[in-house]
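> Protein sequence lines correspond, in order, to chains S and U.
What the first sequence shows, in the numbering used here, is residues 1 to 524, in sequence order.
What the second sequence shows, in the numbering used here, is residues 1001 to 1319, in sequence order.
I should point out that these hints are in silico values taken from the structure, not numbers from a laboratory.
Watch out, some of these pointers could steer you wrong.
[Claimed, not checked] Stretch by stretch, here's where chain S covers chain U in the computed footprint (C-beta under 8 Å, at least three residues):
| no. | stretch |
| --- | --- |
| 1 | 1009 to 1019 |
| 2 | 1064 to 1074 |
| 3 | 1152 to 1159 |
| 4 | 1214 to 1227 |
| 5 | 1241 to 1253 |
| 6 | 1290 to 1297 |
[As the list claims (entries may be wrong)] Over the 10 Å line for every Cβ pair with chain S, so calculated as not near, a few chain U residues:
| no. | residue |
| --- | --- |
| 7 | Y1005 |
| 8 | I1023 |
| 9 | L1026 |
| 10 | E1085 |
| 11 | R1086 |
| 12 | G1167 |
| 13 | S1206 |
| 14 | D1305 |
Glycine included, C-beta positions come from ideal geometry on N, C-alpha and C.
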Amino acid sequence: MNSKRPVSLMALVVVVFAFMGVMTGGVQAITPAAERAVIGVPQEPRTLLPHFDLLTLSHEVQSLVFDRLLTLDTDGDYLPRLAAVVPSVANGGISPDGRTYTFTLREGVEWQDGQPFTSADVKFTWEVITNPDLPIPSRSIWDEVVSVETPDPYTIVFEFAEPNVAFLAVTARSNAFMLPKHLLEGEDIVNSSLNRNPVGTGPFTVQEWVSGSHIALERNPGYWQDDKPELAEIVVRIIPGTEGQRAALQRGELDVLLDITSADLSFVEGLNQYQVVTTPTYAWWHFWLNNDDPVLSDGNVRRALVYGLDKAAITETVMQGVNVPLDAVFPPAHWAHNPDVRTYPYDPARAQELLEESGWTVGADGIRQKDGTRLRLEVLNIAGQAERLRVIQIAQAYWRDLGIDVQVREIDGASFPPTMGSGDFQIAYGWFGEEHEPVFNLWLGTNWQNYDNQEAFDLLAQVPTTVEQSERRALIQEFQKLAAEDVPTLPLATRALLSAARTDLQGYQPGLAGSLWNAADWSK
Amino acid sequence: MVSRYAVKRILGTIPRILLISFILFLLIHLPSGGPADIYAGDPSASPADIERIRELWGLDEPLLVQYGTWLQNAVTGNWGRSFVERRGVLDVVRDRLLNTLLLTGTALVLSLLAGFILGIIGALGTRRGTYNIVQGLAVLGMSIPTFWSGALVILFFSVYLQWIPSGGMYTIGASFSWIDRLSHLAAPAVVLGSVYVAQWTRYVQSGLRQVMREDYIRTAKAKGIGHLEASLKHGLPNAAIPLVTVLGLEAPKLISGAMVTEVVFSWPGLGRLLTDSLLARDYPVVMGVLMVLVLVVVLANLLTDFAYSWLDPRVRYDG
């Protein structure tokens, strides 16, 4: 027997791979690369029928197929889409009392099957969203509309019982897409075939959706914007693993890769054909502090946690400077952010003082205790993301220096909300995203931190009916001041989105309306 | 009568499948959080809406009632609808099942091929060196986890040499080509199969070594048959019997074990569907995938039993 046989077996595998390399060198997509964009995504969209899902990636792909009445540009200003103009008090679109919204629709818009888009579709969309028998998770504000009138095919009037300032923002929400009445009325909407084969008014139509692999879309020739979209084809490719994502970038297979992490930064920056695109959002990273917890109900302990944490050490190391430290409970990208709240610069000595003041003294093992109870706090985290855990580990070390025994408990994403809702946590790490016109779900909705300050909540309660934006800003800014005093949650940092984009892709401008909102304008 | 035995065996699996389905149903409902909870925390979803959806989906019913409904539908062929994809579970599973079978089937064939070749070399090799190299390779393949070997294969063959694509089942948007399909299949199949080469090699090698000492081989040799012919013609079929048992036990694992390989190579298979569905608490799909795995296990066990009688004429069940 020849002892070289196993080695030659390995050689055979190599030869087979090489043969394939030679043979597949010529296998290319039929559409020329200049008219085609391939977008890598880490997760599969759940459904392409709008309103039934809140996964951002579902909304991203839906935005290629559907349109909203309005959208937000990258500066946070409204742009008309299916509406011909942005309603305002000045142009008569919003009544002076803030109760009535009149949208004039763009004429000549067609669904992808050739049927005209009219005010009846808008009214139907509202009926679907507010139908209590449909499992639609985000109905807020839509369900406060008391009547919808369609005086003619291109005019629709929404009426509220009380002034409602958030409605424009609601029509520009990331999932506020208009549905085709003629295809869904009287149908089993939940199980409609439009879930996989949607028909919208948007720039691209779904060609095929191969489960777990990709969604291929092609240019809608009847799109209402003349000469758009520029690209003939968009492929959304699902690449769940980091190795696959990186290899696809290195081989130049992708034009855009969404949702990269700070750990990918230096890698992407090292590639010639790609750049990192940073998108500010209305979300921020924070530590929920359970204000009902026996230990954390003490404001001194909560403030000690902030003083004892060097936020910049986290943003500059783990987050690689992508995010910046935050003191207020609204991020700077949001128009209502208050830059002038009480700050807690890193000051471990002050933190120690506050703990001493509350009777927590250092015990023999270096951990503080009071009345025989050790100062032990547990941080709840969603498992599976390296960056999150590293942030917590740094915080753990800083708080350990104050004499606090900090433990980490990891659970999966779906278990997180019920665990938080049941109050079975002390500290929890995560992010919260506010809307353009905030509905304050963090405070008046879930309130997982069990914040209890009636004065602060009264301020928020006035916001929805305050028509003048500057007055709303003043209310929300005052709220941020109170929250900064009370520290009901511990704001850590802003939360920007990162993506990798080919340098020769023109027009890629991820923003507040999503990453693909202006894909009709992309060109190569 | 073999056929009566077969019918008996097949009928005997039914209570087992029912029991397993019940246990699985309870297990997947153990972790807190349901399919509606993935919406919580979004600024636009109110807690009341999440509660409303939970009721709409019947998730507020007692677990036993939910299982009863599931079972009643399942036996009539209705496996429910995915909360996530809004289509029938059978459609969801079917889209992925063939992909996984293609990957695991190829991996199994490749690993068996390599296992037999290496095993025979190892068993018949007279030199110490041959034996050591075969052992070394076998242990190496078994010890390297697929997420690591997969990453290495991608790095070397896809990125550095540019021979194979970065992942997926075929070049998206290109016209069909066998060679394109093969180039996508080769790497994940080799990586997934490499783990099992070691095992097969060991069984073939030790089985063959043992069999070669048996009297009938000596008899065959005495009649003038050469060493190689005696091993391959008379030794190998007998050495393969223990392997068949292991194969029956391991083949289902191959499918569930493909999960990691599917993620690394972006292969749209069942394993990825299972993890995604578990994280989204898409109970009907989770149950669908798990029941497919259960059926594969049961089927593999049956086939193992039947294969015995085919491989070894002494084994008969008509007693």
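> Now look at each hint and say whether the structure bears it out.
Results for each hint:
Evaluation of the coverage hint for the stretch 1009 to 1019 of chain U: breached, as 0 residues show C-beta separations to chain S shorter than 8 Å, against a requirement of three. For the stretch 1064 to 1074 of chain U, the assignment as covered by chain S is violated, since 0 residues bring a beta-carbon within under 8 Å of that chain's beta-carbons and 3 are needed. Chain S is given as covering the stretch 1152 to 1159 of chain U, and this holds because 5 residues of the stretch bring a CB closer than 8 Å to a CB of that chain, at least three being needed. By the rule of at least three residues with a Cβ nearer than 8 Å to a Cβ of chain S, the coverage given for the stretch 1214 to 1227 of chain U is violated, with 0 such residues.
For a cut-off of 8 Å, the count of residues in the stretch 1241 to 1253 of chain U with a CB near a CB of chain S stands at 0, and the three-residue condition is violated. A count of 0 residues in the stretch 1290 to 1297 of chain U with a Cβ less than 8 Å from any Cβ of chain S is obtained; the coverage claim is therefore unmet, three being the minimum. Non-interface call for Y1005(U) relative to chain S: holds, since the shortest CB-CB distance, roughly 40 Å, exceeds 10 Å. Against chain S, the non-interface label of I1023(U) holds: every CB pair exceeds 10 Å, the least being about 21 Å.
The non-interface label for L1026(U) is consistent with chain S: the shortest C-beta to C-beta separation is roughly 17 Å, beyond 10 Å. With a closest Cβ-Cβ approach of about 6 Å to chain S, E1085(U) is found to fall inside the 10 Å limit, against its non-interface label. Not every beta carbon of chain S lies more than 10 Å from that of R1086(U), the smallest distance being close to 4 Å; the non-interface claim is violated. Once the 10 Å rule is applied to beta carbons, G1167(U) is inconsistent with being away from chain S; the minimum gap is 4 Å.
No Cβ of chain S approaches the Cβ of S1206(U) within 10 Å, the least distance being about 17 Å, so the stated non-interface status holds. At roughly 33 Å, the least C-beta separation between D1305(U) and chain S is larger than 10 Å, which holds for a residue marked as non-interface.
This entry does not satisfy hints 1, 2, 4, 5, 6, 10, 11, 12, going by the numbered hints stated previously.
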